[in-house]
Structure formats: C-alpha cells, structure tokens
Amino acid sequence: MDFTFSEREEAFRKEVEDFINNELPADWVEKNIYWPAGYGTLAQFEELSPEVEQFTHRLAEKGWLNISWPKEYGGAGLSYTEQAIFHERMSYYRAPAGEVATLIGGPTIMLFGSEEMKKEWLPKIARGEVRFWLAYSEPNAGSDLSSIQTRAIEDGDDLIISGQKIWGTAAHVSHYAWMAVKTDPTAPPHKGISLVIVDNTSPGVTIRPLVNICGFYSFNEVFFDNVRVPKKNVVGEMNKGWYYLMVALDFERLVIPIGSFRRTFEEIVQYARETKYNEQSVSQQLLIRNKLANIAIQIEIAYMFFWQTAWMLDKGLVPNIEASLLKLFTTELSQKLANTGMQVMGHYGQLEGTSKWSSLHGRVCLGYLDCISALVGAGTSEIQRNIIAMRGLGLPPK
Amino acid sequence: MDLGLSEEQEMLKTLARDFLQKECPKRLVRQLDESDEGYSAELWQRMARQGWMGLVFPEKYGGSDGNFLDLIVLLEEMGYNILPGPFFSTVVLGGMTILATGSEEQKTEFLPKVASGEMILSLALTEPNASYEAASVKTKAIARNGEYVINGTKLFVLNANVADYILCVARTKQAKNPENGITIFLVDAKSPGVKCTLLKTLARDKQCEVVFDNVTVSEKSIVGERDEGWPIVKDVLQKATVAKCAEIVGGAQAALDMAVNYAKERVQFGRPIGSFQAIQHYCANMATDVSGSRFITYKVAWKVSEGLPAALDVAIAKAWASEAYGRVTLLAHQIFGAIGFTMDHDIHLYYRQAKAAEIIFGDADFQRAIIARELGL
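Taken in sequence, the protein lines are chains A and B.
Per my numbering, numbering of the first sequence is gapless, rising by one per residue and ending at 398.
Per my numbering, numbering of the second sequence is gapless, rising by one per residue and ending at 377.
Everything labelled a hint here was simulated from the structure, so no lab data went into it.
Treat the hints with care, as some may be off.
In silico contact screen, one side only, chain B against chain A (beta carbon under 8 Å); selected entries [stated by the list, open to error]: (1) Leu32; (2) Glu59; (3) Gly62; (4) Tyr132; (5) Ser136; (6) Asn151; (7) Leu155; (8) Ala203; (9) Gln277; (10) Asn285; (11) Gly337; (12) Thr342; (13) Gly376.
In this text, all values refer to a predicted model and were calculated from it rather than measured experimentally.
No residue lacks a Cβ here, since even glycine has one placed at the ideal position from N, Cα and C.
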C-alpha cells in the first residue's frame, strides 16, 4: 500500500494549479458564489460571461476541456487518478470545468455513436464550441426516470418529438438538448427509450425559466411541440438509450467538486479565526472548534472516497457502490457544511452578500439554500441508498 | 391536570387560521417579503380590528384581557401561515415590556395605540457582537441636563424600519457586574440622530441596523427604573423566546402538513411516494419533532402565563423546537425534491424562517449552555 502520489502526478497537480492561477480572473472567488455540490448558484449558468468563455477556450487549447477523453479523440489521455487531481484542483478554485457535452455527450458518442456521428460532433465538442443540456427529467419522471413520456415518432428520415422536460440546467445558454425520448411505448420502460441530440433552435422548442430558491435562473422547463429532428442525431441504436444512459453515469463519477469543500471550509475556518466577540475569537469557542473539527474529519473521509474511486477506475474495477457512496456522502456533507457555517457565523450567517454587515460574500447564506439541491439532483439520497443497498450489498429489492 | 386548550382558545385558533388563510395568502407573504416595509398597513388594521394587538392588554388600555397562553395560540397560527410584519416586535417585544414595567403614563399613552393598530414598536437590544448577554450592551446613554444622550449601533433589530418607537437598551452606568447599569429608553424613531438601515436576510424578515448618533431623550422615556433594565430585558427575552417557539410549532406543523399531502399525491414507480418506507419514516420523524415541540412549548407557555419560574424549560423548549424546525423543513424539502427547490414553491419560505427562528434569542448551543447552568453544572 502507498498513499503518496507519484512524481508525475505531483508535477501534473502543479501544472493544473499554475494554469488556474494564470487563467482564472483574479476576482473569480468573489464572483463565483458556488456552494459545494449545489446546483443553484453555478455562476456560469446565470450568464455565460466572456471570462468563462475565455477560460473554457484556454482549457480546450490545453486539451483539458475534455480531460477524460482518450488522445485519439483530442483528449488528454490521462489516468483516472490524474483526472481526479485535475477535478480536485479545479473545484478547489471553483473554476468552470466542462459541461454536459464534454462530460457526458462526447464520451457516450465515442463509445456508441456511428463514425458519422463521431466526425460530426466530437471535434466541435472538443473545441468547446457546443454546449449540451441534459434533457432527462420530466414532471412525472424524476427519481423514476424510466417512466418518461416525451414521445419521438419516426417520420421518414426524421423523428418528431412531443413532450415536456424539466430541470434542464443551463438549457437557455446551451445549443443542444442531450435528450432521452420514448421511441417504443409498447416495450417495457427500460427498453423503449432512445438518446437523441436536439437543436435548441428547432421550431417547436420553447424554453421557460425556473427560478430556484437561491434566486438564480439556472433551471428550465422545456416544451417540445412536434419538433422535427434528423434521425442521424439518434445516438447509437434506437431503443438502447437507457443502457447508454446508465453507462454514461460512469463518466461522471469523478466529476465531484471535492476541492470546493476544502476551499469553503478553509474560508469558514478563517472567518472563525478572525471574528472576535468580546475579545475572544469565535474559533476559541469549544463548541465551534468541535463543529469545525467534525467537518474536517468528514472532508478527509470524502477525499478518501474520491481517491478510492479514481484508483479503482485505474485498476479497471467498477466502482458501483463507491460512486454512490461518494455522491451520497459529499452531498450530505454539503448540507452539514452549510449548517456548520451558519452556526459559526450566527446572526451574520443570515445576511445576503449584498447586505450591509455581510461576510464571506454571503456565500454561507446562499449555500444554506443551495445545499438543498445537492441531495436532490443527479439521483436523490434515497436513490443512492437504494443503489448501495441493492446493487452494492445485494439486499432484495422487494 | 388539563393539557388541552380552552374552548375560547380553540375558537381563537380556528378564527386565526381562517383569517390568515383568507387575508394573508402566500402571494401576499411573498409580496411583503420582497417589499422594504415587510407589512401591509391594510392587513395590520384588519388584525387590530380582530383584537390581536391588544389581546394580552387589560381592557383599560384598549385590550381584551387575554393571557400569555392566548397569545401563544395566536402566534402558533401566525407561524403556520408565516405572517410577515411587525406583530412580534410590536406586541411581544414592545407592548408587553411596557405593560410589565412601564409607568402608568407610558401605558396610557402607548398601549391603546398599539391595540388599535396605530403604533408599531421595535426592541433594539443586540449589537454587532450579536449576543444576548448583558456584557454585550455597549450602546451608551449619558445623562446631560436632565436628558439622556444615546450613542451606539444596534444590529439585527426587528422591524425598526417601520417602527414609530424603538425601545433602546443602553448602558447608563459602568459597573463591575455587566447586568447592572442598563436602562431601557423609549425612543421616537423619528428623533434626530436615529438612522435605520435595512439588512438583507435569508428569511426576508426586516432586520435592521439602527445607529443612535447623539440621540436626545427625556428622563420620562425610561421604561422601568434607571440602571435596573437588565432584569426587564431578561423577562422580555424569556417571553419572546417562548413566543418564538409558538411560531416555530406552527411553521413546523405547516411544513409537515404540506409534505404529507405531497407524499400522498406524488406518484413515482407507479405508487405514491408516501408508500415508500423511507418517505414514511421521514414523515414519522417530522411528526415526532412537531408534537414534541408543541408539548414542551405549551408547558413552558403555561408556566410563564402562571408566573412560575421557567428558565430551564424555556431553554429546553427553544433548544429543541428551533432545531426540530430545521430538521422538519429539511426533510420536507427532501420529500418535495426538485419542485421544492423552485422559488414558486412555498416550502423554502418555511426553511428560511426555521433558520431565522433558530438564531434569534440564542441558538440551541446558547440554550444548552443555560440548561447546563440550570442543572447546576
């Protein structure tokens, strides 16, 4: 056993760190009020600022926008541990690092797309020119995703799509929907679904904003009214979408904002050190010390789940329950971190960033709201526990 | 023993719930949350006509002679409906303080106006060190030519932005024991030198910074005795803490009701999500929290109402109920899933309130320290 990183890995970490320090705007920390594992405050979805665009292009030039891709497709050809190092550093600085096209769309196309599809899509995804949004959930298909009702009917060389998607994060600033549709309503739920890429500008697509409790516009509900899509946009084979979708989950396993936990924690600790009431700093209070120590312990555990997952992937093992553990543990930690931050800050914790007397840019106040989304998005805690219990521990489903 | 509400209290409860549902729909709650004032003058007048502002005042001051328990029943319903506005600061923090310790002249001048809805009050106690200890009162009032000049900054002051009068807790004498030398002044909010800045808060409640810059008040504006203000503050805090618990119980009950209704309606995997054991256990945990909070709140409210010593029970109630409200609203959010994460949904209004309620008048750690002390530790 050896818990040290190799020289190569340490050198890579430094390279990533230097890149971020050179390329990220100096005031990024103040601008990006992202909360670890939250979906509500992702600043880059509020508006695609020129700074984010520029940073994305620099990432693409460096070959890191699609860091998980093999070299033959323009990726960096790195090990999973190196990818993990990359995500750890990027998230520590809350840097924007890829989206649905680079993280899910590209890798799925690589595995299952036709040669024609690969030629059409992979280069522009690799260059950071197209953004996808994830069109999976529907009003009545959340945790029960396989019950989607959005219908795609074949018509010559086209599909005609009708239905409604919801929680389309960043749909309004993306170009295409990476979309699950029902193509065979007679088949069992898992066997009649296809994946298709749909142009946002197609006639019949209506995107409506959903403002989240943080007050941000990051989600959308999107209506599809007889939207015509060329069949060549179907990913892989018809009616195999559910399988692709499950495989694609593997691509996201290391996309955990692990570094942002440490970063945010450090900021709260610094606040506790620097804030004094009646000559005593907050960090001297035993109860506060205890709470902060508790978070430090859990961040350390979360990191071990993270490195373990990367190591298993490098070994060719399938980290099925580990990935669920990592998701479950970090998202619940997101809530604990917010609550601890609130307790450390007391009355000041409830002040929004723009208020007089606010601290830490109102990050904790907003995080207290945003952390709600962490346990709900991308598979709720309940679903993760089901996966751990049934797939991981072999407990009977009924 | 009788652990139930009286017939009159049951009636008050029903009337209050119906009134608030009709007169203060969530649409208005949101509108008031967004506004700078945080209350509706029209609704305020209607509440006054219901006799709510004077509920606990004697008839001779325009009240209806109710007791503290009656007020608790009303506050629970206000919490259920998350009624925005200065009722709490006007009646619990201001009116009841004047009633308990004000001069006859002050009672005659202020209480009828509070009861009729003509006057809004606010209590300026906490300062930038955000503590409820006497040592934290640094704002000074210095006697000069038969008057007092107040200087200092008060922070997290509820509803000062719309208050007609502010009860300002100030230090009039430096003493070895910080509990000595504190005096409460009734300050006209329009006095020269009073500057109020609205803070932006999680719960959208209207907390303010109030700066007193050479504010001159007369000797007559002292509530209670000069230098003897801290016992009054302690008494106000005790009642206010119990009153806050009542709001908490109402809010937590509402979150539970909403979540249970949704769990019955929302279908996933071909069945209502409320049929899944995970969700059932969430709901059961919430129900346990709500009931526990209600029972301890009623007990302590009864004690306070009867004038019995209640320091330990008050701390127990606040420590328990405030954390329970947080747990209940968090689980409610989990049951609502993504839809609850949207601004249009109502559950986040309760989740925000839960945090504000937890912080105000001392969080659970603060209360547990009191509990330990009361246990002789």
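Hint check results:
no., hint, in the structure
1, Leu32, "violated (17 Å)"
2, Glu59, "violated (38 Å)"
3, Gly62, "violated (34 Å)"
4, Tyr132, "violated (10 Å)"
5, Ser136, "holds (7 Å)"
6, Asn151, "violated (19 Å)"
7, Leu155, "holds (7 Å)"
8, Ala203, "holds (7 Å)"
9, Gln277, "violated (10 Å)"
10, Asn285, "violated (14 Å)"
11, Gly337, "holds (5 Å)"
12, Thr342, "holds (5 Å)"
13, Gly376, "violated (20 Å)"
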